[in-house]
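Each protein sequence line maps, in turn, to chains B and W.
For the first sequence, position 77 (counting from the first letter as 1) is numbered 77 according to this note's numbering, and the numbering increases by one without interruption.
For this note's numbering, count along the second sequence from 1 and bump the result up by 247.
Since the hints were derived computationally from the structure, they do not count as laboratory data.
Where is the CB? At the ideal position from N, CA and C, for every residue including glycine.
Please note that a few of the clues may not be correct.
Anything over 12 Å on all C-beta distances counts as not near chain W; from chain B, calculated [to be verified]:
1) His31
2) Ser143
3) Leu221
What follows is a list of derived Cβ distance ranges for each label pair [unchecked claim]:
4) B/Thr220 x W/Ser399: 42 to 48 Å
5) B/Arg125 x W/Lys288: 48 to 54 Å
6) W/Glu392 x B/Asn246: 37 to 43 Å
Chain by chain, the residues run as shown.
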Amino acid sequence: MSAVTESDLHAYADGQLGDAVRVRVEAHLAHDAEAAERVRVWREQNEALRALYNPVLNEPVPQRLLGARAPRARWPQFALAAGALGLSFGLGWIARAYQPDRAMEMAALPRSAAIAYAVYAPEVRHPVEVAADQQDHLVKWLSKRLGRDLKVPVLTQQGFELVGGRLLPGGKGPVAQFMYQDSKGQRITLYVSRRDEPRDTAFRFSQEDKIAVFYWIDGTLGYALSAEMDRARLLTVATAVYRQLNP
Amino acid sequence: MDSAEIAAHIPRLRRYARALAGDSQRADDLVQDTLERALAKFHLWRRGSDMRAWMFAIMHNVFVNQLKQRREIALDEAVEAGLPSAPRADPLELRDLDAALRQLPAEQREVLLLVGLEQLSYAEAGQALGVPVGTVMSRLSRGRERLRALMSGTAPANNLKLVK
Numbered sequence: 001m002s003a004v005t006e007s008d009l010h011a012y013a014d015g016q017l018g019d020a021v022r023v024r025v026e027a028h029l030a031h032d033a034e035a036a037e038r039v040r041v042w043r044e045q046n047e048a049l050r051a052l053y054n055p056v057l058n059e060p061v062p063q064r065l066l067g068a069r070a071p072r073a074r075w076p077q078f079a080l081a082a083g084a085l086g087l088s089f090g091l092g093w094i095a096r097a098y099q100p101d102r103a104m105e106m107a108a109l110p111r112s113a114a115i116a117y118a119v120y121a122p123e124v125r126h127p128v129e130v131a132a133d134q135q136d137h138l139v140k141w142l143s144k145r146l147g148r149d150l151k152v153p154v155l156t157q158q159g160f161e162l163v164g165g166r167l168l169p170g171g172k173g174p175v176a177q178f179m180y181q182d183s184k185g186q187r188i189t190l191y192v193s194r195r196d197e198p199r200d201t202a203f204r205f206s207q208e209d210k211i212a213v214f215y216w217i218d219g220t221l222g223y224a225l226s227a228e229m230d231r232a233r234l235l236t237v238a239t240a241v242y243r244q245l246n247p
Numbered sequence: 248m249d250s251a252e253i254a255a256h257i258p259r260l261r262r263y264a265r266a267l268a269g270d271s272q273r274a275d276d277l278v279q280d281t282l283e284r285a286l287a288k289f290h291l292w293r294r295g296s297d298m299r300a301w302m303f304a305i306m307h308n309v310f311v312n313q314l315k316q317r318r319e320i321a322l323d324e325a326v327e328a329g330l331p332s333a334p335r336a337d338p339l340e341l342r343d344l345d346a347a348l349r350q351l352p353a354e355q356r357e358v359l360l361l362v363g364l365e366q367l368s369y370a371e372a373g374q375a376l377g378v379p380v381g382t383v384m385s386r387l388s389r390g391r392e393r394l395r396a397l398m399s400g401t402a403p404a405n406n407l408k409l410v411k
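Given these sequences and hints, build the entire structure.
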């Protein structure tokens with residue numbers, strides 16, 4: 001009987017041995033307690049890794065991954081060849097096959113929020129309908145129109161002051177948009193939309209052209225924080241907003 | 248159906264990337280870069296060969312490049328600091344495992360995950376990483392021993408090493 005090697009032990013732990021060698025390794029482990037213990041630990045490691053990371057398999061795939069595209073071809077003839085072969089270089093068209101419907105609905109949130117940002121953030125004279133100096137009225141009004149008790153996060157620590165808010169039309173009824181601004185005039189909007197079915201989601205990120213959006217759903221409200229700034233900076237603000245809304 | 252074939256691998260690529268990169272934003276960046284390269288190089292994929300091993304090979308190259316030109320995103324910690332993520336079975340111990348994985352040299356972490364998490368054969372793991380099976384075995388052996396030591400608290404912490 002040939003010796004059992006270290007590699008055999010690993011292959012045994014990983015279930016990668018054929019029957020003959022497996023029987024030989026089992027015989028070896030029966031009288032080598034130290035080796036048997038190591039094999040047990042390795043198997044435990046494998047199981048722990050799967051227990052820890054398998055939940056990722058059930059997460060909805062972020063829209064930005066389904067929208068992944070090949071970078072622009074460097075050589076025109078490559079693009080031509082691809083066209084001639086009828087290859088489709090985007091994944092978006094099969095999104096429905098891999099995304100539950102509500103994930104598709106979820107993807108609409110950052111897009112709508114980014115569009116609302118793009119429309120109102122550059123507005124000089126009328127960025128909001130009701131200004132921050134009437135904050136009580138603003139919150140009551142928007143809460144009434146959305147039929148939910150809205151809270152307005154305070155972002156002073158992050159360097160942003162409330163400018164005010166406005167009511168917008170959304171796909172499923174009225175939407176509230178709160179606008180903030182820092183001392184350099186950089187603006188951020190918090191887009192709050194109403195949902196019929198309560199649900200909670202993780203914190204997500206979407207890049208909508210130049211506009212970065214962090215978004216999540218908390219019960220019957222969907223939130224999206226948008227700004228034309230880099231993701232890391234917006235994340236600090238988004239984290240503060242999230243914590244204030246979910247104390 | 249070509250992009251559909253690639254898209255079907257996304258959940259598993261995300262799982263592997265999460266374990267490899269730790270933070271979920273960075274992991275999805277890794278997946279996105281991998282998908283873009285896979286789509287650009289799709290004409291190089293040999294029909295009939297294992298697409299999963301091919302995708303892992305692409306991700307390995309992207310990952311190694313990212314390690315080489317790593318720019319830390321200042322606020323990744325904020326994500327790790329307690330924003331919601333998928334429910335986990337045994338948070339405390341499993342979080343220890345995640346932290347211990349970060350302490351492994353990247354080359355050992357890759358092998359450990361391809362074999363233990365993704366259940367690739369040693370030959371497939373070697374293909375994905377561009378190394379011979381013997382190298383896969385020695386990295387696996389060292390990685391497992393180090394992980395055991397880290398989890399049992401008998402190893403000193405060290406920093407990530409760059410994959411050569």
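Results for each hint:
Residue-level check passed: B/His31 sits 22 Å from the nearest beta carbon of chain W, beyond 12 Å. With a minimum CB-CB distance of about 25 Å to chain W, B/Ser143 clears the 12 Å threshold, and the non-interface call stands. Listed as outside the interface, B/Leu221 is consistent with that label: its C-beta sits roughly 15 Å from the nearest C-beta of chain W, beyond the 12 Å cut-off. Take B/Thr220 and W/Ser399: their Cβ atoms lie about 46 Å apart, and the range 42 to 48 Å holds.
At roughly 51 Å, the beta-carbon separation of B/Arg125 and W/Lys288 lies within the given 48 to 54 Å, and the hint holds. Distance hint check for W/Glu392 and B/Asn246: the Cβ-Cβ separation is about 42 Å, which falls inside the suggested range of 37 to 43 Å.
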